[in-house]
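There are 2 protein chains.
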Amino acid sequence: MFELQRHADNPVLVPHQDHPWENLAVCNPAVWYEDGKFLMLYRAAGDDAAHRIHLGLATSNDGVHFTRVSTEPVFSPVPGNFDGGCVEDPRIVKFGDWFYVTYAYRPLPPGRYWLNEQSLAFMPKEPAEAPVFYRQNMTQSGLLMSKDLKSFQRLGRITAAKDDNRDVILFPEKINDQFVMLHRSKRLVGEEYGCAHPAIWIAFSDDLLTWDDGVLLLKNTFDWERKVGGATPPIRTEAGWLMLYHAVDDAGVYRTGVCLLDLQNPTQVLSRLPEPILVPQEAFERDGLYGQCVFPTGNVVVGDTLYVYYGAADKCIGLATCQISDLLEALKNQQ
Amino acid sequence: MFELQRHADNPVLVPHQDHPWENLAVCNPAVWYEDGKFLMLYRAAGDDAAHRIHLGLATSNDGVHFTRVSTEPVFSPVPGNFDGGCVEDPRIVKFGDWFYVTYAYRPLPPGRYWLNEQSLAFMPKEPAEAPVFYRQNMTQSGLLMSKDLKSFQRLGRITAAKDDNRDVILFPEKINDQFVMLHRSKRLVGEEYGCAHPAIWIAFSDDLLTWDDGVLLLKNTFDWERKVGGATPPIRTEAGWLMLYHAVDDAGVYRTGVCLLDLQNPTQVLSRLPEPILVPQEAFERDGLYGQCVFPTGNVVVGDTLYVYYGAADKCIGLATCQISDLLEALKNQQ
Numbered sequence: 023m024f025e026l027q028r029h030a031d032n033p034v035l036v037p038h039q040d041h042p043w044e045n046l047a048v049c050n051p052a053v054w055y056e057d058g059k060f061l062m063l064y065r066a067a068g069d070d071a072a073h074r075i076h077l078g079l080a081t082s083n084d085g086v087h088f089t090r091v092s093t094e095p096v097f098s099p100v101p102g103n104f105d106g107g108c109v110e111d112p113r114i115v116k117f118g119d120w121f122y123v124t125y126a127y128r129p130l131p132p133g134r135y136w137l138n139e140q141s142l143a144f145m146p147k148e149p150a151e152a153p154v155f156y157r158q159n160m161t162q163s164g165l166l167m168s169k170d171l172k173s174f175q176r177l178g179r180i181t182a183a184k185d186d187n188r189d190v191i192l193f194p195e196k197i198n199d200q201f202v203m204l205h206r207s208k209r210l211v212g213e214e215y216g217c218a219h220p221a222i223w224i225a226f227s228d229d230l231l232t233w234d235d236g237v238l239l240l241k242n243t244f245d246w247e248r249k250v251g252g253a254t255p256p257i258r259t260e261a262g263w264l265m266l267y268h269a270v271d272d273a274g275v276y277r278t279g280v281c282l283l284d285l286q287n288p289t290q291v292l293s294r295l296p297e298p299i300l301v302p303q304e305a306f307e308r309d310g311l312y313g314q315c316v317f318p319t320g321n322v323v324v325g326d327t328l329y330v331y332y333g334a335a336d337k338c339i340g341l342a343t344c345q346i347s348d349l350l351e352a353l354k355n356q357q
Numbered sequence: 023m024f025e026l027q028r029h030a031d032n033p034v035l036v037p038h039q040d041h042p043w044e045n046l047a048v049c050n051p052a053v054w055y056e057d058g059k060f061l062m063l064y065r066a067a068g069d070d071a072a073h074r075i076h077l078g079l080a081t082s083n084d085g086v087h088f089t090r091v092s093t094e095p096v097f098s099p100v101p102g103n104f105d106g107g108c109v110e111d112p113r114i115v116k117f118g119d120w121f122y123v124t125y126a127y128r129p130l131p132p133g134r135y136w137l138n139e140q141s142l143a144f145m146p147k148e149p150a151e152a153p154v155f156y157r158q159n160m161t162q163s164g165l166l167m168s169k170d171l172k173s174f175q176r177l178g179r180i181t182a183a184k185d186d187n188r189d190v191i192l193f194p195e196k197i198n199d200q201f202v203m204l205h206r207s208k209r210l211v212g213e214e215y216g217c218a219h220p221a222i223w224i225a226f227s228d229d230l231l232t233w234d235d236g237v238l239l240l241k242n243t244f245d246w247e248r249k250v251g252g253a254t255p256p257i258r259t260e261a262g263w264l265m266l267y268h269a270v271d272d273a274g275v276y277r278t279g280v281c282l283l284d285l286q287n288p289t290q291v292l293s294r295l296p297e298p299i300l301v302p303q304e305a306f307e308r309d310g311l312y313g314q315c316v317f318p319t320g321n322v323v324v325g326d327t328l329y330v331y332y333g334a335a336d337k338c339i340g341l342a343t344c345q346i347s348d349l350l351e352a353l354k355n356q357q
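Chains as they are written, first to last, in the working numbering: chain G, 23 to 357; chain F, 23 to 357.
Every clue listed holds true.
Which copy is meant is left open, because identical chains are indistinguishable; a pair holds if it fits in one copy or across any two.
DSBU-like mimics (lysine-lysine), calculated; alpha carbons at most 30 Å apart, straight line:
| # | residue 1 | residue 2 |
| --- | --- | --- |
| 1 | Lys172 | Lys116 |
| 2 | Lys184 | Lys196 |
| 3 | Lys172 | Lys147 |
| 4 | Lys241 | Lys196 |
Honestly, the hints are just simulated from the structure, not real lab data.
Whole structure, please, built from the sequences with the hints as guidance.
Below is the structure:
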């Protein structure tokens with residue numbers, strides 16, 4: 023059984039008591055590595071009752087010790103904007119000089135969802151004529167452009183307007199001259215879609231704002247999986263696209279799985295490990311706003327080392343690593 | 023030949039020299055009438071080189087003399103937002119207690135488009151991987167909710183991501199339990215779409231954010247028409263939906279046409295006048311940022327009087343009226 027190795031200094035980022043916007047929780051970061059520097063764009067929230075969720079930025083030279091670049095968020099929900107409630111769970115790719123960031127959002131603040139029985143976000147439910155996006159305070163996913171991860175150009179929605187859809191992740195390069203995107207639709211569920219629970223879909227497009235549903239890529243298969251969603255941007259290896267994903271089981275425990283996709287046709291799953299490679303076990307993963315949860319959203323490669331950054335219990339950020347060659351070996355043995 | 027009657031006090035709104043955001047141009051207003059009061063939400067721009075475009079609000083008790091409610095815009099493009107360049111040409115309907123405003127926008131300021139040969143807005147053209155929406159600084163149309171037309175909830179894009187589409191107008195009520203929308207796509211042009219130039223399409227939906235292309239409703243027919251687009255929200259009458267539209271001819275002159283749509287099946291055009299009902303002729307319609315242009319965007323009914331508010335030469339706002347019974351008579355005679 024293959025497992026990621028937790029770093030001894032975990033958690034690598036915790037809430038900052040002097041910053042009201044991030045004094046309660048930091049989690050689910052995107053991470054980019056370039057020129058010897060790690061950039062971490064992380065989800066952050068303070069102890070306000072509305073629970074607006076922001077993005078903060080921190081940097082590191084070793085991938086372990088991170089320094090915040092500012093006392094303020096770099097990206098925030100602006101009340102009244104389409105993403106005026108919360109901005110969450112960024113993922114980063116880079117084309118040319120520009121970062122392209124996918125993120126989840128709601129129009130209104132979710133409130134303290136972890137205090138509700140089903141962790142449901144606030145819903146106004148009215149007015150009757152308003153789009154379901156507003157009435158249900160539904161999650162959509164959007165696209166940002168940025169040159170520095172400090173200022174951003176919002177480009178708007180990249181998921182269907184009437185679909186609870188997050189964990190939208192771009193591949194880091196075009197395949198067959200098309201952009202490729204993973205998403206986790208709650209609309210595409212049922213017998214007619216081939217999955218009984220929300221699953222991972224893969225879509226292709228020549229324009230980063232224009233996407234159709236694509237095709238089903240990965241659904242719940244093992245007993246530790248019920249709902250599954252993408253985790254981190256897939257990584258090109260000689261053996262295929264290395265793709266981490268998350269799975270939540272019937273008890274609500276979030277674990278991390280891994281699979282390998284065909285390089286030229288990533289709709290084909292070449293291999294998938296039957297056991298999770300990361301399971302909540304440390305105290306900071308078991309207890310938090312949403313306990314029993316590890317939720318990777320960023321990964322970078324340095325040499326043969328894969329750095330996996332994950333939200334832990336919606337409260338802080340952990341780091342786990344492995345040798346890519348070892349992980350590929352495990353996946354190869356599973357084929 | 024039926025013509026709207028210009029009001030003697032035209033133009034009814036002109037730029038305000040003390041307001042930097044509207045010291046150059048005001049035009050293309052949405053107008054709502056309720057409880058004896060006219061609310062005018064109008065497009066406004068100052069003499070900045072970027073030519074950001076805002077929305078201002080003015081009110082009137084007689085529909086002729088308007089008073090601005092503020093020295094500031096009520097709605098502005100926020101740099102970096104999806105509509106960060108300009109917000110333009112609002113149209114208003116109201117369901118329950120909420121106004122729903124459709125508007126056109128660009129991600130980046132258009133610049134002084136009227137100084138270019140083809141009145142083209144600024145385009146960054148790069149980066150290559152960016153969505154065409156950004157690279158071409160393309161017009162999309164979006165939806166707002168508001169209770170007072172002073173503060174707004176942005177709901178995002180309601181047109182396709184890769185389509186230059188403005189003059190998006192909601193019908194003021196559901197028809198057969200569906201919302202109905204007019205739009206003027208530049209993508210749906212060509213033999214396969216049944217129109218050689220951009221035309222008016224009509225679409226139906228059960229959700230105000232989710233729209234397909236719908237069907238072609240009205241295309242250029244007369245010699246004063248080349249490109250046509252919706253003008254004002256259609257008005258229910260006993261004879262059918264009274265619908266004003268604009269048409270631009272080969273010389274770039276904007277005129278106003280009118281037609282009547284079937285009440286139960288508004289894809290059916292019952293009647294259409296062969297001559298325009300408003301043609302640029304006054305000095306303030308002939309000369310401005312874009313000369314030879316009348317562009318109605320708001321209409322209200324008070325008794326038997328139809329008040330039509332129009333942008334004149336992209337510079338100021340005019341009012342023209344008629345008796346609805348006379349206009350319907352003209353349309354009936356044309357059937």
